[in-house]
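Same order as they appear, the protein sequences are chains S and R.
To convert, note that position 233 of the first sequence is 233 in the UniProt record's numbering; the numbers rise steadily by one, no gaps.
To convert, note that position 347 of the second sequence is 347 in the UniProt record's numbering; the numbers rise steadily by one, no gaps.
Don't take each hint at face value.
Copies of one chain are not kept apart here, so a pair can be met inside one copy or by any two copies together.
Below, in silico cross-link-like pairs of lysine to any residue (SDA-like), each with a Cα-Cα straight-line distance of 20 Å or less [said to hold, decoys possible]:
1) K97 with T326
2) K89 with R101
3) K39 with E71
4) K57 with T326
5) K334 with V12
6) K62 with R23
7) K9 with K42
8) K69 with A220
9) K10 with R41
10) K42 with F205
11) K39 with V29
12) K9 with G146
13) K9 with F163
14) K89 with P154
15) K39 with N352
16) K329 with D102
17) K42 with E348
18) K89 with D152
19) K238 with E7
20) K177 with L54
Just so you know, the hints here were simulated from the structure itself, not pulled from any lab data.
Since the structure is predicted, the reported quantities are computational estimates derived from the model, not experimental observations.
2 protein chains.
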Amino acid sequence: MSVFNVELKKVVDDSYDIEMGYRLEDQLVEDLETGLLGKIRKFAVITDSNVLDLYAKPISEKLSKAGFKVELFVFPAGEKSKTRQTKAKIEDAMLEKGFRRDCAVIAIGGGVVTDLAGFLAGTYGRGVPFINYATTLLAAADASVGGKTAVDTPLATNLIGLFNQPRKVYIDIAAWKTLPKRQMASGMAETIKHACLASREMFEFIEENLDDIMSFQKFACEYIAENNCKIKYDVVMKDERESGLREVLNLGHTVGRAIETVSDYRLLHGEALSIGMAAMVLLSARLGYMSEEEAERVTKLYARVGLPTRIPDYIDREALVKKLYTDKKVRDGKLRFVIEKGIGDVVEFAPNVYAKPIEESLAREIIMEL
Amino acid sequence: MSVFNVELKKVVDDSYDIEMGYRLEDQLVEDLETGLLGKIRKFAVITDSNVLDLYAKPISEKLSKAGFKVELFVFPAGEKSKTRQTKAKIEDAMLEKGFRRDCAVIAIGGGVVTDLAGFLAGTYGRGVPFINYATTLLAAADASVGGKTAVDTPLATNLIGLFNQPRKVYIDIAAWKTLPKRQMASGMAETIKHACLASREMFEFIEENLDDIMSFQKFACEYIAENNCKIKYDVVMKDERESGLREVLNLGHTVGRAIETVSDYRLLHGEALSIGMAAMVLLSARLGYMSEEEAERVTKLYARVGLPTRIPDYIDREALVKKLYTDKKVRDGKLRFVIEKGIGDVVEFAPNVYAKPIEESLAREIIMEL
Ligand SMILES: NC(=O)c1ccc[n+]([C@@H]2O[C@H](COP(=O)([O-])OP(=O)(O)OC[C@H]3O[C@@H](n4cnc5c(N)ncnc54)[C@H](O)[C@@H]3O)[C@@H](O)[C@H]2O)c1
Ligand SMILES: NC(=O)c1ccc[n+]([C@@H]2O[C@H](COP(=O)([O-])OP(=O)(O)OC[C@H]3O[C@@H](n4cnc5c(N)ncnc54)[C@H](O)[C@@H]3O)[C@@H](O)[C@H]2O)c1
Chain S
1 MSVFNVELKK VVDDSYDIEM GYRLEDQLVE DLETGLLGKI RKFAVITDSN VLDLYAKPIS
61 EKLSKAGFKV ELFVFPAGEK SKTRQTKAKI EDAMLEKGFR RDCAVIAIGG GVVTDLAGFL
121 AGTYGRGVPF INYATTLLAA ADASVGGKTA VDTPLATNLI GLFNQPRKVY IDIAAWKTLP
181 KRQMASGMAE TIKHACLASR EMFEFIEENL DDIMSFQKFA CEYIAENNCK IKYDVVMKDE
241 RESGLREVLN LGHTVGRAIE TVSDYRLLHG EALSIGMAAM VLLSARLGYM SEEEAERVTK
301 LYARVGLPTR IPDYIDREAL VKKLYTDKKV RDGKLRFVIE KGIGDVVEFA PNVYAKPIEE
361 SLAREIIMEL
Chain R
1 MSVFNVELKK VVDDSYDIEM GYRLEDQLVE DLETGLLGKI RKFAVITDSN VLDLYAKPIS
61 EKLSKAGFKV ELFVFPAGEK SKTRQTKAKI EDAMLEKGFR RDCAVIAIGG GVVTDLAGFL
121 AGTYGRGVPF INYATTLLAA ADASVGGKTA VDTPLATNLI GLFNQPRKVY IDIAAWKTLP
181 KRQMASGMAE TIKHACLASR EMFEFIEENL DDIMSFQKFA CEYIAENNCK IKYDVVMKDE
241 RESGLREVLN LGHTVGRAIE TVSDYRLLHG EALSIGMAAM VLLSARLGYM SEEEAERVTK
301 LYARVGLPTR IPDYIDREAL VKKLYTDKKV RDGKLRFVIE KGIGDVVEFA PNVYAKPIEE
361 SLAREIIMEL
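Bound-form chain S, shown alone (with noise of 0.2 Å):
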């Protein structure tokens, strides 16, 4: 009978501000005095239950004496904590203290805490601005760049979710010294895969630094911080909806993501993908892409920070192998790897293509080797 067109072509502006300095509550504070966020007064601090006393609560508190109205909303620390049911929860929260659709969200946090709290800002009265005060390496390094949000569900992790861009993100490098030591590494392995991806100026500077990085002197900091930034945000501009090149920050996770899974999430995020980094660098090698002295320098690093850069024996390598079909990089049944070229550069195999088919029984024996 009749087709009607509705027309719906539009500019639309998720531009903002990265702000990386020691100890940026007072700038935050500012920045929503002077009309960052337009005329909201009302704000959704979310975070977990370590972040709390450390850093939620002064930050509230500065708010509320700058006469916001600012209520806190707190889960229990810990990726457990990524689901859709804490999302409902502190919805029902929000509701219940009469958040509508004029309040914003400040994610106070790490990954977990920021990847939940934009997710949930996205789907709040259809969607209510926010912003990420990073307080992690790996935050600060990954999960605080690209827009990407997501909760975990039984079956899968980070599945559902939104591309949804924070109005300002905030690293504060000063909060990477109360980190524990375990999670401050974990966030060494994501830096460094984006040094051995894009910056062989960066994996050297890390190379020579990393006892400044890992003791927190400032120049070291701030250096891994804005390098970090400058990498994930030139692969994710050029790729925003992840169909080719995006797949580069992708090095070293077939086999970490499905070691991660395998060792029942025993092992940290960061420590898994040291481990994939490993096999990811062997493979390059074998493959002819990578010197196997290069290839052994990157491990090495991995090492020195004080991440596993071999498989646990508790963990089942034939289960592994199975895994590895889980990755979203699989495409009609085959596995397929990112390759690193020389250190600092990946392999890019046709145009806009950036990971490689694998038989399995070559990716057994590096799984085996390793």
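With chain S fixed as given, assemble chain R with the ligands onto it according to the hints.
Positioned in the frame of chain S, the structure of chain R with the ligands alone reads:
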């Protein structure tokens, strides 16, 4: 220390077609075969228990025959199913069936199905495409244009959701024939509201052809399908993010929504709206924006459809007055109403301002009279 600007300005094209007609199953299959959704060949058909046998199964079978992979996901019919739990259940079932990011959602049903399925599609794998196949007049008149999707929570209706545009909408007018009479009448409530706010001609068409509409005469149903779309589209287009003009669609809803809630959903949305429209024209007449005669003409048309135009006795009128304050148009604690200007227009009180603050005493007066 340093600020990094993330540049994210881009052109987004969410345009789509609304196709109206008698039985559009074959059209849908053909569209998918000719690339409406590119290379996607895997569909999650979401529907409710009433629509399953009538439309969803036959359509799914046609899709299967055409070689697509199709799975049906069914929930119990009714507004009570429009929840985060239903969404989560379907997500889990889809994950279990191996649905990943390379699929699309096809919603087949009324507004409950399209609201829920559109929201689900928007967060599944951070967004997969979806299509609406609307089988109720209400979905045709209202739910299918505008991109609003949502679920209800114990404390609020439609507050958790997304703006998410379908890739195409099919309005199957033939499906209205199987609708329960009460549902058809309820859909007419929004239809007459559209006429009241934007088109005197449409209002007069309905007056003249009401019997033909209610007995599903093709010309009459086509006329209202087209004009519903046109009117809602004109408004939504000019104000996609609900900044001002879009409030005109809220005509009659201040009292309508409140009655719907106070009746504890004994009244259907359209039935409650019908009473709300009666209250609104009374108020518009009282304020001098409408003659008493025209106000009566509106109320009469609602009555002819078989819709209630007075507040039922079981409603606590004082509770109703209180409930008015939960309306989303309330600002600074003041009630605000959209007001009709004659038949076919609304009052613009200031540039882009379509709601007028109304004293509680006046609102109470109207409610006590009705
Ligand atoms: N959105 C993305 O693009 C993206 C990218 C990478 C990772 N992620 C997600 O990020 C999460 C992991 O991030 P994470 O490692 O920051 O996890 P996290 O938020 O769980 O933080 C790790 C631990 O450190 C604690 N903590 C946080 N800041 C602290 C501080 N300053 N001092 C002391 N303790 C502190 C937390 O309470 C938690 O126990 C995962 O859920 C992952 O899926 C998302
Ligand atoms: N997104 C929007 O902009 C928007 C606008 C208006 C309303 N809505 C929402 O729409 C919902 C109401 O829509 P609705 O009235 O279509 O509700 P509905 O989907 O519940 O349909 C009404 C009833 O009719 C049945 N049904 C549907 N099609 C049928 C057919 N062809 N034959 C026989 N039975 C059929 C359904 O199973 C249900 O029992 C509400 O949840 C409301 O919030 C959304």
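The hints, checked one at a time:
1. For the homomeric pair K97 and T326, the shortest alpha-carbon distance between copies (14 Å) is at most 20 Å, but the shortest distance inside one copy (41 Å) is not.
2. Taking CA atoms no more than 20 Å apart as the test, K89 paired with R101 passes inside one copy only; the shortest distance there is 18 Å, against 27 Å between copies.
3. Proximity of K39 to E71 under the C-alpha cut-off of 20 Å is restricted to the intra-copy arrangement: shortest distance 17 Å within a copy versus 46 Å between copies.
4. When the C-alpha separation of K57 and T326 is checked against a cutoff of 20 Å, the pair qualifies neither within a copy, at 40 Å, nor between copies, at 31 Å.
5. With identical chains, the CA atoms of K334 and V12 are never at most 20 Å apart, being 37 Å at best within one copy and 33 Å at best between copies.
6. In this homomeric assembly, K62 and R23 come within 20 Å of each other (Cα to Cα) only inside a single copy, at 13 Å, whereas the closest approach across copies is 61 Å.
7. For the identical chains of this complex, K9 and K42 are neighbours neither inside a copy (32 Å) nor across copies (27 Å), given an alpha-carbon limit of 20 Å.
8. Taking the shortest Cα distances, K69 and A220 never come within 20 Å of each other, neither inside one copy (37 Å) nor across copies (53 Å).
9. Taking CA atoms no more than 20 Å apart as the test, K10 paired with R41 passes in neither setting, with 29 Å inside one copy and 29 Å between copies.
10. For the homomeric pair K42 and F205, neither the shortest alpha-carbon distance inside one copy (43 Å) nor that between copies (47 Å) is at most 20 Å.
11. In this assembly of identical chains, K39 and V29 lie within 20 Å of each other by CA distance solely inside one copy; the values are 14 Å within and 48 Å between copies.
12. Taking CA atoms no more than 20 Å apart as the test, K9 paired with G146 passes between copies only; the shortest distance there is 14 Å, against 23 Å inside one copy.
13. Taking CA atoms no more than 20 Å apart as the test, K9 paired with F163 passes in both settings, with 19 Å inside one copy and 15 Å between copies.
14. In this homomeric assembly, K89 and P154 come within 20 Å of each other (Cα to Cα) both inside a single copy, at 18 Å, and across copies, at 11 Å.
15. Proximity of K39 and N352 under a CA criterion of 20 Å is satisfied inter-copy only: 19 Å between copies versus 43 Å inside one chain copy.
16. In the homo-oligomer, the alpha carbons of K329 and D102 lie at most 20 Å apart only across protomers (12 Å), although the nearest pairing inside one protomer, at 40 Å, exceeds that limit.
17. Taking the shortest alpha-carbon separations for K42 and E348, neither the intra-copy value of 47 Å nor the inter-copy value of 29 Å comes in at or below 20 Å.
18. Within a single copy, K89 and D152 get their C-alpha atoms as close as 15 Å, and across copies as close as 14 Å, so both meet the 20 Å cut-off.
19. Only between protomers do K238 and E7 lie at most 20 Å apart by alpha-carbon distance; the minimum there is 11 Å, versus 27 Å within a single protomer.
20. In this assembly of identical chains, the alpha carbons of K177 and L54 lie at most 20 Å apart only when taken from the same copy (11 Å versus 62 Å across copies).
Hint violations for this structure: numbers 4, 5, 7, 8, 9, 10 and 17, all remaining hints satisfied.
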